[in-house]
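Student: This is what each chain is made of:
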Amino acid sequence: MPIHSTTPAAGGTFLRPLPPEPSGTTAFPDVRQLQSSGCFSSLLFYDDQCPDFCIRLSNYLLGADAGWFEKSSGDRLLVLQFVLHDCLYYKLEGQERISMSEGQFNFIAAPSISKISWFDPANSHVDTLDIHFSPAYLNQVGDDFPELIRWIAKKECTSVLSAIPASVTPIMLRMLHAIIDCPFTGDLRKNYMQSKTAALLLLALEQLICRPARESTTIPLRKYDIEKLYEAREFLMHNIENPPTLKQLAHKIGMNEFKLKKGYKQVFGTTIFGDFNKVRMEEAKNYLLGTDKTIADISLLAGYDDPPNFIRAFKHYFGLAPNRFRKQYLTANGNLRS
Amino acid sequence: MNIRIEAAQAGEIALSPVLPSSLQSLQIPDTIGYAAAGHFGHVLMQQMEGEGITAIYHSLYFTQGDQVVYRSEEPAIRLQIVLHNSYIYESMHLGNGVLHERGINLNYVPFVNTSLKMRPGETYSHLSVYYQLQHLLSLQGSFPTLIPFLAKISIDQPAIFGESYTTADTAILSAVDNILGCTYSGHVRELYIHHLCTELLLLSLIRISSSAPSAGVIGEEDAYRIYQAKELLLRDMGGNISLPSLAEETGLSIYKLNHGFKAIYGIGATEFLHEARMKRAHQALSETDMTIAAISKAIGYSHPHAFALAFKKYFGYTPAFVQRSGRAISFLSFIVFLIPFS
Numbered sequence: 001m002p003i004h005s006t007t008p009a010a011g012g013t014f015l016r017p018l019p020p021e022p023s024g025t026t027a028f029p030d031v032r033q034l035q036s037s038g039c040f041s042s043l044l045f046y047d048d049q050c051p052d053f054c055i056r057l058s059n060y061l062l063g064a065d066a067g068w069f070e071k072s073s074g075d076r077l078l079v080l081q082f083v084l085h086d087c088l089y090y091k092l093e094g095q096e097r098i099s100m101s102e103g104q105f106n107f108i109a110a111p112s113i114s115k116i117s118w119f120d121p122a123n124s125h126v127d128t129l130d131i132h133f134s135p136a137y138l139n140q141v142g143d144d145f146p147e148l149i150r151w152i153a154k155k156e157c158t159s160v161l162s163a164i165p166a167s168v169t170p171i172m173l174r175m176l177h178a179i180i181d182c183p184f185t186g187d188l189r190k191n192y193m194q195s196k197t198a199a200l201l202l203l204a205l206e207q208l209i210c211r212p213a214r215e216s217t218t219i220p221l222r223k224y225d226i227e228k229l230y231e232a233r234e235f236l237m238h239n240i241e242n243p244p245t246l247k248q249l250a251h252k253i254g255m256n257e258f259k260l261k262k263g264y265k266q267v268f269g270t271t272i273f274g275d276f277n278k279v280r281m282e283e284a285k286n287y288l289l290g291t292d293k294t295i296a297d298i299s300l301l302a303g304y305d306d307p308p309n310f311i312r313a314f315k316h317y318f319g320l321a322p323n324r325f326r327k328q329y330l331t332a333n334g335n336l337r338s
Numbered sequence: 001m002n003i004r005i006e007a008a009q010a011g012e013i014a015l016s017p018v019l020p021s022s023l024q025s026l027q028i029p030d031t032i033g034y035a036a037a038g039h040f041g042h043v044l045m046q047q048m049e050g051e052g053i054t055a056i057y058h059s060l061y062f063t064q065g066d067q068v069v070y071r072s073e074e075p076a077i078r079l080q081i082v083l084h085n086s087y088i089y090e091s092m093h094l095g096n097g098v099l100h101e102r103g104i105n106l107n108y109v110p111f112v113n114t115s116l117k118m119r120p121g122e123t124y125s126h127l128s129v130y131y132q133l134q135h136l137l138s139l140q141g142s143f144p145t146l147i148p149f150l151a152k153i154s155i156d157q158p159a160i161f162g163e164s165y166t167t168a169d170t171a172i173l174s175a176v177d178n179i180l181g182c183t184y185s186g187h188v189r190e191l192y193i194h195h196l197c198t199e200l201l202l203l204s205l206i207r208i209s210s211s212a213p214s215a216g217v218i219g220e221e222d223a224y225r226i227y228q229a230k231e232l233l234l235r236d237m238g239g240n241i242s243l244p245s246l247a248e249e250t251g252l253s254i255y256k257l258n259h260g261f262k263a264i265y266g267i268g269a270t271e272f273l274h275e276a277r278m279k280r281a282h283q284a285l286s287e288t289d290m291t292i293a294a295i296s297k298a299i300g301y302s303h304p305h306a307f308a309l310a311f312k313k314y315f316g317y318t319p320a321f322v323q324r325s326g327r328a329i330s331f332l333s334f335i336v337f338l339i340p341f342s
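Those sequence lines, one after another, are chains F and E.
Under the numbering used here, the first sequence has 196 at position 196, and the numbering climbs by one with no breaks.
Under the numbering used here, the second sequence has 326 at position 326, and the numbering climbs by one with no breaks.
By construction, these hints were calculated from the structure, which means they are not laboratory data.
Even glycine gets a Cβ: it sits at the ideal position worked out from N, Cα and C.
It is possible that part of the hints are untrue.
Some chain F residues close to chain E (C-beta under 8 Å, calculated; not the full set) [claimed, not checked]:
1. I171
2. L173
3. Y192
4. K196
5. A198
Capping the alpha-carbon separation at 25 Å, the derived lysine-lysine pairs in BS3-like fashion look like this [claimed, not checked]:
6. F:K262 to E:K279
7. F:K252 to F:K223
8. F:K247 to F:K228
9. E:K256 to F:K259
10. F:K315 to F:K327
11. F:K259 to E:K312
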């Protein structure tokens, strides 16, 4: 099942076969290798063509979003995509972008000739393993996964099977490694890929459809840990003028920094800094509106050594600089105050 | 599979589809089991279907030494992988021989008539996978050595694929683990078993046809000493049992000990211990609530960091990764467990 990558505009990307290495030995036997490089940096694809699916290992080294489009022989692209390194995101119609990070996967359906993966310029090196399936192949498991068929039948724009990407399990990771490192050639390779891909598809569908979606960043917390986190919050609130560093706070309550950060967000829904900042900003607001103190004084009271830093932070939080905030409030409530 | 079992001492063993309560702990969910248990010991066969491929997991235990005869009228193309103990067989078609732990063999018999020697008080287990002719036919292009094997099948002659004794490698063992540990049920299970068994056949064909001549033959008694050594190693994973003390306890020379491990498992004793440690750690990570530090200590690492490095090198992912995904599953099974009561 051939998958082609094309470019929408002149001066875009051109994929060309990789010249054979002088020694004649490549890391990936029997695989079509495509590469492209230009102002956006470089792309490298390894294509494994099988009758019902196409496995593509992609290495993207990008400085900017390059914008190439994938085209299948059918009218739809049905891709099971695994992110192996760093992260990428999708843009679905009328929705915010969905990001998928290392170790996650999802099933994506898109019209043929469409751009399915988008990149953040911050992620300079992204690796993915994409398996493009033909609709006929997926229909074979239709009886067992009716959700999949119903989803494929919805012929709209780009969509994903599961709203939250699923995480790869150890057994799946072993299978992915086996597919990437497959040393065989010829028919043997085809047979091997077929049985591996089929088993991987079943595992992936089970994760995407049957398992409850989980926030990928959650960590297990015991009751004791949660008590500690409340203690941390308490301590923080009492020491707003002289805030502890993350390290000091972690030390104070006896928890490692990683757990403190992750656990805090999990339990209170906001970061430690977010919480701290909120208190600080509310306090600054009260000074600003309730007293005649200068901005410089208030910034010191709010724990900022440097007024410009305070002004920037205030503006970021309330959307207005402190002096304008004060002026607006006073004009609106001028009568009351006098 | 219509299999009849008869033992020289215990007589005809009648298999029943109802599992005796003593064997229920050995049961693999969603398999068709046939079993017999009594004063003689027990016989348990658990059958898994995979769209034309049948896999049977056999476990045997005899309190008294015995000679057990398997009979079936049906022709069988079967891949046999010994998982526990040494099978000393006398087959009407394939002659006499022995398959030690991890030994693999692909053969064809027009009908089954095999006698196995059971030592008293020992447990035996192996996996037999029965393939159809078409599964092999599609592969003969890739394996020229399959052609004479298939030719013998076509004229109904017994045949063994490959000449030298072959042991299973890690890829084959993990495929077996996946088959036995499959958590699906219904049709998805059949599909999954089918694909895993196809992969197993491929891996075995590759292994058998590329296998170098084995490290040498090993006698029955020496094999049992190696198993003893293995048990000692596995029991005392945390302590540092040395090769000399192991040799002393089992009555083998250090040379014979290492040589024996190589002959049976294809790897030396040290490597075997490392493999066992890594597997035990993997299991503990995904099935228990033990911390990584506790696990690394239990399998004999003095520092968790060294353990994590070794683990990553062996499996390609970190212990924490297994713990995260493993707990997700146990969390799910907890929900499933609650539903009937709500």
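Student: Would you mind marking each hint as holding or not holding in the structure?
Tutor: Going through the hints against the structure:
no.: 1; hint: I171; result: holds, 7 Å
no.: 2; hint: L173; result: holds, 6 Å
no.: 3; hint: Y192; result: holds, 6 Å
no.: 4; hint: K196; result: holds, 6 Å
no.: 5; hint: A198; result: holds, 4 Å
no.: 6; hint: F:K262 to E:K279; result: violated, 30 Å
no.: 7; hint: F:K252 to F:K223; result: holds, 18 Å
no.: 8; hint: F:K247 to F:K228; result: holds, 15 Å
no.: 9; hint: E:K256 to F:K259; result: violated, 51 Å
no.: 10; hint: F:K315 to F:K327; result: holds, 14 Å
no.: 11; hint: F:K259 to E:K312; result: holds, 22 Å
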